Amino acid sequence: MGNVCDNPVCLWNEFKKQLPEVVNGVKLNEVGLKTFPYPCLQLAVQILFTAMFWLTLRQFMRERKERKYHLGYQMEDVSPNGDSPQSPSARSFFRKYMWSVLAKYWIFVCAVMMLLISIQEVVIYRIIYMILFLFFVLTFQLSYRLWRLTMFLFWWIVIIYSMAVLIILYTYQFSDFPMYWKNGTHLSDEVLKDIGLEQFNTATLFVKLLTPTSFLIVIILQVHYFHKEFLTISDLNRYSKDSEEVDTQPPGPAISDTEGGTTTDTDHVVITKTKRWRRKLTDCWNKLWQLCSDWWKILSEIFWRLMEIHIFKIVVFVIIMVAVHEVSDSTQNVQRFVIICGIQFF
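Per my numbering, the very first residue in the sequence shown carries number 3; after that it's consecutive.
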């Protein structure tokens, strides 16, 4: 809002003449107080951003109010004829299915993004990303329960660290900030560059900030939308809970086919061609979906069984390729490890 109010002031001709370039060592063009060749375009972008912000805030407040209302009053939709609520449509079923798939596999996107950030270039803040990634993987390997317990805290640590990295990298682009860092930390330019602090032009800065920003958005989506669902899916006792619910559930009352309407009511129902076509299309879609689900279940089981059998060979092959690609003293230990594992395997 402040930028939107300041820009029209900067458009005045008298203000352009009186606008200084530096005030108390601070360059006003870095703050945003400067003249643009096309000021209406800059003002339109800021107004559009402000409008989208207020619309998003209004939608958030509206959804929160509706959520509180539905928690207080749980109501069911009833048709005008007094029938029970209709079964969920194919669209809602597909939406729930996609939601469950994203909740199950979005964590792989987070892990891959973290790995991509850590291997781009060797600077200290990316090395810390690699440490976080190794901690995430090793915790999963050593203790699955501990991995699930510490996951929420781990994601928040990654979010806070990523936000700090973005803020530091962006503020370091101001002209006076390198001097502040050198005077405050007593570090040379080479050490600051090894940390990852250096000034870039606009295009290079966009590329440098694109990956951490995308990763931060991916992690926030994981924490806000998919974390609870993933914990439910990955619970070790989920199958025993389902069996207990099935065993303890009392049998419901039997409902006859004629209940809910008489023959005279059905005689008055006129099924149009559109409804028939829609019903046939829905039946075909359900059959196709069921067939694809069955095949997917069979293929996934076969795939995981093959992976369980051949995963050791894949790991050994990758180790051999790494040892052959870079011949050095460090790879000699890798070769010995491969030989020992091969002897134990055979």
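Derived by calculation from the structure, the hints in this document are not laboratory data. A portion of the hints provided could be inaccurate.
Restraint ranges, calculated between C-beta atoms of paired labels, are given here [what the hints assert, rightly or not]:
hint	residue 1	residue 2	range
1	Lys67	Ser102	41 to 49 angstroms
2	Ile322	Arg66	32 to 40 angstroms
3	Lys106	Ile316	29 to 37 angstroms
4	Glu310	Ser190	51 to 59 angstroms
5	Asn203	Trp158	32 to 40 angstroms
6	Thr187	Glu310	29 to 37 angstroms
7	Leu207	Cys286	26 to 34 angstroms
8	Ile322	Phe208	54 to 62 angstroms
Everything numeric in this text was worked out from a predicted model, so none of it was measured. Just so it is clear, CB atoms sit at the ideal spot from N, CA and C, and this is done for glycine as well.
Comparing the hints with the structure gives:
1. Our hint of 41 to 49 angstroms for Lys67 and Ser102 is violated, since their Cβ atoms are close to 28 angstroms apart.
2. Look at Ile322 against Arg66: about 56 angstroms separates their beta carbons, and that is not inside 32 to 40 angstroms.
3. At roughly 23 angstroms, the beta-carbon separation of Lys106 and Ile316 lies outside the given 29 to 37 angstroms, and the hint is violated.
4. A hinted range of 51 to 59 angstroms for the beta carbons of Glu310 and Ser190 is consistent with their spacing of about 52 angstroms.
5. The supplied range of 32 to 40 angstroms is met by Asn203 and Trp158, whose beta-carbon atoms lie about 33 angstroms from each other.
6. Checking the proposed 29 to 37 angstroms range against Thr187 and Glu310 shows it is violated: the Cβ atoms sit about 51 angstroms from each other.
7. Here the CB-CB span from Leu207 to Cys286 is close to 53 angstroms, at odds with the stated 26 to 34 angstroms.
8. In this structure, Ile322 and Phe208 break the distance hint of 54 to 62 angstroms, their C-beta atoms being roughly 40 angstroms apart.
Against the hints set out earlier in the document, violations occur for numbers 1, 2, 3, 6, 7 and 8.
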